[in-house]
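Residue numbers (the working numbering), protein chains in the order written: chain A, 1 to 642; chain B, 643 to 995.
No lab work stands behind these hints, which were simulated from the structure alone.
Remember, predicted model here, so these are calculated numbers, not experimental data.
Fair warning: there could be bad hints in the mix.
[What the hints assert, rightly or not] Here are some chain B residues pointing at chain A (derived, C-beta under 8 Å):
{"id": "1", "residue": "A691"}
{"id": "2", "residue": "I693"}
{"id": "3", "residue": "G697"}
{"id": "4", "residue": "V702"}
{"id": "5", "residue": "I747"}
{"id": "6", "residue": "L766"}
{"id": "7", "residue": "I808"}
{"id": "8", "residue": "S810"}
{"id": "9", "residue": "Q818"}
[Said to hold, decoys possible] Simulated restraints, written as ranges between beta carbons of each label pair:
{"id": "10", "chain 1": "B", "residue 1": "K975", "chain 2": "A", "residue 2": "T275", "range": "43 to 51 Å"}
{"id": "11", "chain 1": "B", "residue 1": "Q716", "chain 2": "A", "residue 2": "W91", "range": "55 to 63 Å"}
{"id": "12", "chain 1": "A", "residue 1": "G94", "chain 2": "B", "residue 2": "V959", "range": "54 to 62 Å"}
{"id": "13", "chain 1": "B", "residue 1": "T664", "chain 2": "A", "residue 2": "G309", "range": "29 to 37 Å"}
{"id": "14", "chain 1": "B", "residue 1": "A735", "chain 2": "A", "residue 2": "S390", "range": "19 to 27 Å"}
[Stated by the list, open to error] Straight-line distance between alpha carbons at most 20 Å, and here's what the computed DMTMM-like set of lysine to aspartate or glutamate pairs gives:
{"id": "15", "chain 1": "A", "residue 1": "K515", "chain 2": "B", "residue 2": "E863"}
{"id": "16", "chain 1": "A", "residue 1": "K435", "chain 2": "B", "residue 2": "D719"}
{"id": "17", "chain 1": "B", "residue 1": "K799", "chain 2": "A", "residue 2": "E621"}
{"id": "18", "chain 1": "B", "residue 1": "K873", "chain 2": "B", "residue 2": "E863"}
{"id": "19", "chain 1": "A", "residue 1": "K435", "chain 2": "B", "residue 2": "E863"}
C-beta atoms are modelled at their ideal positions from N, C-alpha and C, and glycine is treated no differently.
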Amino acid sequence: MTSTVEHGAETQHGHPAPRRRGIFMRPGYLRALWVTPLFFLIGMYIVVGIRALAGWDPTYDWEYIVLIGGMVTAPLGFLLGMGVFDYWLYWLSGRPTLVDDHANHGAYRWTDYFKVNTDHKVIGVQYLVTTFFFFIAGGFLAMLFRAELAQPGMQFFDTQTFNGLVSAHATLMIFVFIIPAFAGLANFAVPLMLGAPDMAFPRLNALSFWMLPVAGVLFLASFLAPGGAFATGWTSYAPLASEQPFGQVFFNMGVQWAGASSIATALNFLVTIITMRAPGMTFWRMPLLVWANFTTSLLVVIATPFIAGSQFFVMFDRVLHTSFFTPDNGGYVLGYQHIFWFYSHPAVYIMILPGFGIISEIVSTMSRKPIFGYRLMAISLLGILVLGFSVWAHHMFVAGMADWLRIPMMISTLLIAVPTGVKVFSWLATLWEGKIHLNTPMLFALGFISMFVIGGLSGIYLAAVPIDIHASDTYFIVAHIHYVLFGGSVFTIFAGIYYWFPKMTGRMYDERLGKLHFWTTFIAFNLTFFPMHWVGLDGMPRRVADYAGTYGALNMVVSIASFVLGASVIIFLYNIITSWARGPIAGSNPWRAMTIEWQVSSPPPVFNFDEIPQVVGGPYEYGVPGARHAVLKGGALQESHV
Amino acid sequence: MIHRGAIIKMVVIAAVAATIATLVAVLIPWLPESASEQMDRITFVFWFATIICIGIFSLVAAVIVEAVWAFRVQPDDDTDGPPIHGNTKLEIAWTVVPAILVIAIGVVSAVVLSKNADAGNHPLQVKVFAQQFAWKFEYPGHVQTEELVMPLHRAVKFEMQSVDVIHSLWIPQMGQKQDVVPGITTSIVITPTRTGRFTLICTELCGLGHSTMRAPVRVLEEAAFEDWLAKEHAAGSPGAAGAAGGAAGGGQSGGAEAALGKTTFASAGCGGCHAFTPAGTDAQIGPDLDGLVADAKKAGEPEDAYIKQSIVDPNAVVVSGFQSGVMPTTFGKTLSPEELDALVAFLSGKEAK
Numbered sequence: 001m002t003s004t005v006e007h008g009a010e011t012q013h014g015h016p017a018p019r020r021r022g023i024f025m026r027p028g029y030l031r032a033l034w035v036t037p038l039f040f041l042i043g044m045y046i047v048v049g050i051r052a053l054a055g056w057d058p059t060y061d062w063e064y065i066v067l068i069g070g071m072v073t074a075p076l077g078f079l080l081g082m083g084v085f086d087y088w089l090y091w092l093s094g095r096p097t098l099v100d101d102h103a104n105h106g107a108y109r110w111t112d113y114f115k116v117n118t119d120h121k122v123i124g125v126q127y128l129v130t131t132f133f134f135f136i137a138g139g140f141l142a143m144l145f146r147a148e149l150a151q152p153g154m155q156f157f158d159t160q161t162f163n164g165l166v167s168a169h170a171t172l173m174i175f176v177f178i179i180p181a182f183a184g185l186a187n188f189a190v191p192l193m194l195g196a197p198d199m200a201f202p203r204l205n206a207l208s209f210w211m212l213p214v215a216g217v218l219f220l221a222s223f224l225a226p227g228g229a230f231a232t233g234w235t236s237y238a239p240l241a242s243e244q245p246f247g248q249v250f251f252n253m254g255v256q257w258a259g260a261s262s263i264a265t266a267l268n269f270l271v272t273i274i275t276m277r278a279p280g281m282t283f284w285r286m287p288l289l290v291w292a293n294f295t296t297s298l299l300v301v302i303a304t305p306f307i308a309g310s311q312f313f314v315m316f317d318r319v320l321h322t323s324f325f326t327p328d329n330g331g332y333v334l335g336y337q338h339i340f341w342f343y344s345h346p347a348v349y350i351m352i353l354p355g356f357g358i359i360s361e362i363v364s365t366m367s368r369k370p371i372f373g374y375r376l377m378a379i380s381l382l383g384i385l386v387l388g389f390s391v392w393a394h395h396m397f398v399a400g401m402a403d404w405l406r407i408p409m410m411i412s413t414l415l416i417a418v419p420t421g422v423k424v425f426s427w428l429a430t431l432w433e434g435k436i437h438l439n440t441p442m443l444f445a446l447g448f449i450s451m452f453v454i455g456g457l458s459g460i461y462l463a464a465v466p467i468d469i470h471a472s473d474t475y476f477i478v479a480h481i482h483y484v485l486f487g488g489s490v491f492t493i494f495a496g497i498y499y500w501f502p503k504m505t506g507r508m509y510d511e512r513l514g515k516l517h518f519w520t521t522f523i524a525f526n527l528t529f530f531p532m533h534w535v536g537l538d539g540m541p542r543r544v545a546d547y548a549g550t551y552g553a554l555n556m557v558v559s560i561a562s563f564v565l566g567a568s569v570i571i572f573l574y575n576i577i578t579s580w581a582r583g584p585i586a587g588s589n590p591w592r593a594m595t596i597e598w599q600v601s602s603p604p605p606v607f608n609f610d611e612i613p614q615v616v617g618g619p620y621e622y623g624v625p626g627a628r629h630a631v632l633k634g635g636a637l638q639e640s641h642v
Numbered sequence: 643m644i645h646r647g648a649i650i651k652m653v654v655i656a657a658v659a660a661t662i663a664t665l666v667a668v669l670i671p672w673l674p675e676s677a678s679e680q681m682d683r684i685t686f687v688f689w690f691a692t693i694i695c696i697g698i699f700s701l702v703a704a705v706i707v708e709a710v711w712a713f714r715v716q717p718d719d720d721t722d723g724p725p726i727h728g729n730t731k732l733e734i735a736w737t738v739v740p741a742i743l744v745i746a747i748g749v750v751s752a753v754v755l756s757k758n759a760d761a762g763n764h765p766l767q768v769k770v771f772a773q774q775f776a777w778k779f780e781y782p783g784h785v786q787t788e789e790l791v792m793p794l795h796r797a798v799k800f801e802m803q804s805v806d807v808i809h810s811l812w813i814p815q816m817g818q819k820q821d822v823v824p825g826i827t828t829s830i831v832i833t834p835t836r837t838g839r840f841t842l843i844c845t846e847l848c849g850l851g852h853s854t855m856r857a858p859v860r861v862l863e864e865a866a867f868e869d870w871l872a873k874e875h876a877a878g879s880p881g882a883a884g885a886a887g888g889a890a891g892g893g894q895s896g897g898a899e900a901a902l903g904k905t906t907f908a909s910a911g912c913g914g915c916h917a918f919t920p921a922g923t924d925a926q927i928g929p930d931l932d933g934l935v936a937d938a939k940k941a942g943e944p945e946d947a948y949i950k951q952s953i954v955d956p957n958a959v960v961v962s963g964f965q966s967g968v969m970p971t972t973f974g975k976t977l978s979p980e981e982l983d984a985l986v987a988f989l990s991g992k993e994a995k
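Extracted from the complex, chain B is given alone in its bound form (with noise of 0.2 Å):
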């Protein structure tokens, strides 16, 4: 029989390993600075398991060292333990009590995630694009970013899409995050609390840019918003140009296209994988864009023609020390014609200057 005395002291042992844990638990950030209404909620959520959790450990880690420290015998001693065969009290107990803690923690999650799906009467609502390995960010107006700017203490409703593979939008300190799926849309809300700089960073393996799929967060006072998003709408964002390009025509001038085919270069993430000096990037991972000129030469073909086949259908020709099958092959559809006739100018270096 297992007396209820050592079931009790058990009990009260644990207890006080339980909250001396916790003290120390406290006192390291597990989780980053909150910077959202729905982390701070996280959180919440995220210490209410943490007790109870640090309570069972703390229960099964005293009872395993109690065990062995009281009930150990050399291994010389063959006689056998007490016959119990179990307690039918006892282990209704520990069926019951564990079902209500956790149906405990799911009421309080359940709770938790609807008010964190609540965009409230008047969010912001922006549209996401994410791509292998780039995120843009379209603002009401068609004002579109590579930089994610949110106004303080406003619901922020994304709307995401996918033009390639599964992709993941999170900002650690914001704490939501939620996949963005090719053919569907998807949406998550978060309202944030506090000024300043994050990054936003793609958290589902989405091919060998992986790592670099990022994108600058800024948080700005509501009004610091509203200039900022006016200003950008005035300037006719370099995205927006790009998006609208159709309805802008013709008129664009050989400077603009140059500076569209540099934006392009950023925001379709050529500088996640390939270093190219006018546009400022060093990465390793293909070929360097700055000897372009010399592989169409060694291909033996034109070089408008050699950079655009490059471009829209990567495995036609490979440079040597590179594998094929590596670079997404999906910038035929994702980039509009102009874009492209813009990045091809700007990689052969004829309007970059």
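Isolated chain A, as found in the complex (with noise of 0.2 Å):
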């Protein structure tokens, strides 16, 4: 795209190679090393300058400073540098640009994943990779805490430091985590299973990912601020958000950056999908994951700018004085909360659809037969995504809005059971007389079926008012979000890695590793989280410190257990960083599955087909005599670049 054309591509595609820049004006790092701090010096002295030109004391007010500065400028002038927006800038600029320049497309080496690349199966990688540094953070920040838990007493922390890492915690494993995590794995996925040569829009996909650790980073770096880092819990209720200590901005911000990233990815996914799609792809050939992340990224988009907004109002109540949720002056202070849930709560289907996409691939291919209907499971998404929309206030029961509110909330969450149950129902019916292929992606499939069911269950007590009433606010909540984000989410997240860990990487995983990942994780996940159901139904309420003796020993167990939940995921790491750099080859289609990615090279070529392929037919037809799903001419199984 700009003119750092430096491996073999531009003699590959036969363009001049443009003047050449010192090393200091390319794209990357060392640009980023002084455009970053130039950007924050611009920030902060437009601060500095209003604040002087109006007379205001003090001219130089750091909470302002570092958040123009440290957390809008600084932020854009890092992009500047990577270079991630060089190509519409020469657009802009009149400059020429050079349209189909592929020089940061594809990866030839280990460091070109550390460089802007327009490439959506580098993204994927580079999203996953990512993703789970800050898993291990958020992690680690559990363990922390689970430590200070252990046992009733305050030992390690103080309590403003413990609601920061409880917060943090939360926060890290949702936004930078979780949902960017599913992006990665359908970034990397789903242009190869529509027979697409790429995202509809790269180099807005890069953008993306690069905005992502920006979130990440000031989630991470409000540990620094004094005061601490932010201490509301990840839902950051007003008015005590907009009267907390400064850490609270660098949630609010971070969530922007993060949000930003998000909407960005589901117009790219809702683009792609409807209008990159191979012939022959009608909407009922789809594969199922390419369904799942076509409904999470109208919910994204849909949903997501509304916890932009509510986190923009809760930061201007503190820093401009602003009374949107605070009672002075008719702010309404319910208002945050209805609009955080109206985003909050699709989040949770957008946390979870993506995983179910991820276990019908699986559950087809391991078991193969067919999905057990396959139209039904596509419209139980829609179903989703309608009632998704409806059922925001059954996190507000005990709130204080209006009572009757209540009652049509209870019956439209309950109705989600639904198109749940229907998923789950037939992915059984699946299984059932199939040809069963126990490995570790089915392990863990198999692992979030089951634990997904609890999750969901406990979801119909939480719908029941009554019960909500007693439960909500206690650890029962906690258990409930983890069996549906970890027995959920994160279980589908392992399955899909181990998946199509040979298809990112073209090595085969360790499979005796795999499986033990497996079981430790799904033992320890077990002893950490059911305790908390029962802790919390008898009294103990969530976010809290310190706690009546009584719950004394489980804390003790759960915290035990969180420690060898921790743990299990060195195996997993040990297992992924090895077999990447050394493991077997594994064959361009290890599990014999129909969708198109299986039917290209492991790793894909750069450019994934070098024909567009032909649809003929269902993505599952597991045991039809001669069925095929797609039909490659060139391209398939040709050799890439590595």
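Two chains, two frames, a set of hints: combine them into the complex.
Here's what the structure looks like:
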């Protein structure tokens, strides 16, 4: 795109080599190293300039300087330095742009993964590696506060630090692990499954990815703020959030970067899925992973602006002294919760529907059977999409909103169990009479189905208003959300990584380590989170640093199990890293799957297909004699550039 | 084709497993022993939902285990399963049956919800004032207390207000829970069914002292409750003196002020974060108030002015080793001038003895 063609691509594609620039002017880390501080200074002196002109004291108010310079302009400078905007700036300024310059496309050596890249497969891997970094960081925070909670009384942290650890744990896991990890898996798989050469907007795709580390770094950097990290939970309720120490603003702004990243990716998926399906790929022939990401993207596009708005407003209450959500001057305290949950309930589906898609792929392939009730599976996704927007206030049954609103919200919430149940029963029927290959992806898929059903059923308890009134804001909620997001989402992320690992890397992971990883995770997960149902119902509230002594024994069990759960991730990382480096060559289609990504080499060629495939049937026609999903001519099984 | 026999077999296995699981589940005291009529009903809904949920989970688990048991193949087996694409009758069944079950849970819940919100004809009205990090209760006749005392078998209707952020009132054994929201009044009904001592806890994260925001609860026989209330009323409970401070006028003696200072210290929740020997508190979240006089000297300010400023505008001077922005800044609004002066006097040690 810009002028930094260094590897073989330019000769390969026959572009004239543009003028070479010095190493500090080329897009990359060296340029980011000086553009980022420069932009910080620009932001800083906008603030200082305005304050000096207005005569406000102090002229150098560091909270505003960090907010504008550190959280707005410096990240923009970083993105500019890395080269995310170069093509667009060339175009805007009327300079020549190389329309089909693929200099930043594809990975030819490992360092290419650390640059701005427009190849959806590279971006997918970038997403996964980045999100796992934040997964480990978030898990580490969890183990810190589990150490505090192992015994009643205060041992290691003061209460504000404790609240900060809890809040940052949830925020990292939700905004910079689960949501973008799914975006990473889908980035890799969806264009291949559609028979498309890339995403519809590859440069926007790169921008989406590079905004993510900004969000994660802001969340982590809040620990350095005076007064500590944001400490109001990941829900950040007003008016508490507008009265908290400065760390709170890191949350408000981090969510903006993560949200912008999500929205841009979702638009990209929608356009890709609607316009770039291969010939013959009707909606009713799309793999369910594509269906799942289609519905998820609709949810993201519609819902995410609401959390962006809520976080801006609550931040304005703090920094601009507005009264959106403060009771003085006519603010609407419960308004925050309505807007927040109007995003954050659909966000629960944003965090599980892509997982449903992954499980559908794996269960069908590993059972060697078509998905049972394919159309109803797709329709149930749309059912969840529609119902998902009508249930937000079930998070507010005790919040003090209008009493009558609780009944319709309860009914719509209970009804979501119906399409979800359809999916679970269809997976079970797909297993039945299949030829089940019980390998690591399948173990995680079956673990997911059983654990997610527990999470779904505890959701029924919470939909029933009287039970919710008792269980709200207790450890029962913590148990429920972890059965849904860990037993649910994280299990599907693991399943998906094991399933597509041979396609991403061309190598096979170690099956024995994979199974060991599954069983340690499965057992430690249940020992960590199942007892939380009990302590919660019995009277232990969530988000407390100290608790009544009667819950001491179970909390000790939970804490020890949580450390084992943390340690189980080490097995996964060891397996993935060593297999990536020197695992056995996997071949193009180790699972004998029918979807298109398995019909090309592993890893796939840089532009996926030499010739766009022709889709001729459904994606799961296992056991149907002679059935094929797609016909590929050139490009299939051709070795990649590695 | 999925055979009817297989479906019946799995349903029977699941029913047996569910029965066993239910028998085990009822042995575990999931919920605290109920102490209110509302909790009795919540417990009923809980078990109603639990039996349905155990049944569903047993079916899912039985099918997964049986499928892996019966249909697992070796890794080198490259045959495919039968190409079954679906079964309309089965798909209708697993759409309709769960819908009926969840609607049943919904109907039971709606009925219980409306009963639990019904305060009857003669509820006892108790006002609740929540603030970071303390509870205050006001009974008819302006009797204010820091302990919640409730009469047995009489509906208590709480009218709740918060002066700063959102809190939430919950007594686990009594089930009911309600957020206390600044700017609006929320309400809740509890009808105690057994006497004893309980703990009221805040369940909405309200800042650094959240986990210490508790209040003692006592349920008394109706007659004992009336005695208690009359005694509190006659004594002019310490809290009532504060609330009625303006009416009591300047008649308060120095001794009364000292008492007021001490009760204000307790009712404003100071002890949740601060150690102060005269009040018998030893929390370590905020600075040790036994060193207040020395801190004032260090800041070079007159003692009383320093203490008052530290209560009303806590971020003006922050003791080294502590962070600004942590202590609530609302005490200037929530304490009456009398309470504030009494608290300053109590903290400076002048009137405490």
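When the hints from earlier in the document are held up against this structure, which numbers fail? 2, 3, 6, 10, 13, 15, 17, 19
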